[in-house]
Amino acid sequence: PISQIPEDDEVFTVKLTGVAGGALLNPNGSSVELKIRRNDSPLRFSLSLVAVAENAGVISLTVTRGSLADHGRLVGSDDTEVSVDYVVVGGDGAGSATPAVDFVDLQTVYTVTFPPRVYEVQLLFRVNDDKVPEIAESFQVVLMEETVRGDAVLIPPKAILVTIEPNDKPHGVLSISSSPLTQPISINEDVTDRFDGISIVRNGGNYGDVSVNWTISRNSSDRSPVSDDLSPERGTLRFRAGQMSTALLLNITADKLPEEAEAFVLRLLPDTVQGG
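Everything in the sequence shown is counted per the UniProt record's numbering, starting at 1 for the first residue and increasing by one.
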C-alpha cells in the first residue's frame with residue numbers, strides 16, 4: 001500500500017519454497033531481493049513558536065527537509081526537488097501583527113523550494129521598529145499541505161507563531177504633571193475644602209488598566225499627622241484602558257488656628273505599579 005510516512009530504504013526478500021509435484025528448485029534462482037527506495041521526505045518548521053524584539057530587524061524562520069526532530073537523523077528521499085507553498089496570517093485586531101505595518105515578508109514568491117540534498121531553507125521577515133507603544137503582537141506562517149510538490153509530506157509543526165514582544169512602553173509611564181514639579185502648589189485652607197489641582201499623567205502607551213499607590217508626607221520637622229491638615233494621606237490611582245490622566249482629590253481641613261505655611265510632599269510609589 002502507498003503510505004504518507006517518511007521512510008528510509010526498505011529491503012525485502014522473496015523466496016520460492018514448498019516445492020510439490022516432483023519439481024526441483026534451482027538454488028541459484030529461488031529468491032529475489034526487492035528494494036523500496038526511501039521516500040516521503042518530511043517537511044516541517046524547526047520551531048512552532050518564536051518571540052522577537054521589535055528592534056530585531058530581519059529574522060529567519062527555518063523550514064527543514066528530512067528531519068523528524070531537531071538534529072535528528074535524516075529520513076526520506078533527498079535526490080529530487082520538492083516544494084511547498086506557505087501563507088502568512090496576520091490581522092487587524094488587538095494582539096495581531098499587521099503585514100506591511102508591523103512586519104514585511106521579504107520573499108518574492110510564497111513557495112519554499114528544496115533542491116536535491118538541501119535540508120534547510122530560511123524564510124526572511126523584517127520586523128518594523130517604530131516608536132508607537134504596542135502590546136505583544138503575533139503573526140503566523142503556515143505551510144499548505146495541498147500544495148506539496150514532489151516526494152514529500154508535511155509533518156508537525158506545519159506552522160510557526162511569531163510574537164513581536166511588547167515595546168515602547170505599551171502600558172505607559174506614570175508621573176506627576178510637569179507644573180507641580182517646577183512650581184510648588186499653594187492651597188488656601190480658608191477658601192478650599194476640596195482640591196483637585198494635581199494631575200497624574202500617563203505618557204506613552206495606554207493599553208490596559210493600570211494603577212499606582214501614592215503617599216503624602218510632611219516636608220518639615222512637624223510630627224503631627226498629615227490628616228490634621230489634609231486627607232487622605234495615601235491611596236491608589238487607577239487608569240482605565242485608554243485613559244491618559246487623572247486628578248488626585250484631596251480634602252483640606254480648615255481650622256481656626258493661626259498657622260505658618262505647611263509643606264507636604266506627594267510621592268508615587270514605583271514598586272506598587274500594577275498592570276504593566
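Hints in this document: simulated from the structure, not taken from any laboratory. Watch out, some of these pointers could steer you wrong.
DMTMM-like, lysine to aspartate or glutamate: derived pairs with alpha carbons at most 25 Å apart [claimed, not checked]: (1) Lys158 <-> Asp168; (2) Lys256 <-> Asp222; (3) Lys158 <-> Asp222; (4) Lys131 <-> Glu165.
Derived CB-CB ranges, DEER-like [unchecked claim]: (5) Gly242 <-> Glu262: 48 to 56 Å; (6) Val89 <-> Glu165: 16 to 24 Å; (7) Leu25 <-> Val87: 55 to 63 Å; (8) Leu25 <-> Asp85: 51 to 59 Å; (9) Thr272 <-> Val109: 50 to 58 Å; (10) Thr272 <-> Met144: 24 to 32 Å.
Just so you know, these numbers come straight off a predicted model, no measurement behind them. Idealized CB from N, CA, C, for every residue including glycine.
Comparing the hints with the structure gives:
For the given pair, Lys158 sits about 32 Å from Asp168 by alpha-carbon distance, which is inconsistent with the 25 Å threshold. For the proposed pair Lys256 and Asp222, the alpha carbon gap of about 18 Å is at most 25 Å, so the pair holds. Distance check on the hinted pair: Lys158 and Asp222 sit about 70 Å apart at the alpha-carbon level, beyond 25 Å; violated. The straight-line distance between the Cα atoms of Lys131 and Glu165 is roughly 14 Å, inside the 25 Å bound, and the hint therefore holds.
For the pair Gly242 and Glu262, the beta carbons lie near 37 Å from each other, so the given range of 48 to 56 Å is not met. Roughly 19 Å separates the CB atoms of Val89 and Glu165, a value that falls within the hinted 16 to 24 Å. The given range of 55 to 63 Å is respected by Leu25 and Val87, whose C-beta atoms sit roughly 59 Å from each other. Taking 51 to 59 Å as the suggested C-beta distance range, the pair Leu25 and Asp85 conforms, at roughly 54 Å.
At about 53 Å, the CB distance of Thr272 to Val109 agrees with the hint of 50 to 58 Å. With their beta carbons about 49 Å apart, Thr272 and Met144 fall outside the hinted range of 24 to 32 Å.
In summary, the structure is inconsistent with hints 1, 3, 5, 10 from the numbered list given earlier, while agreeing with the others.
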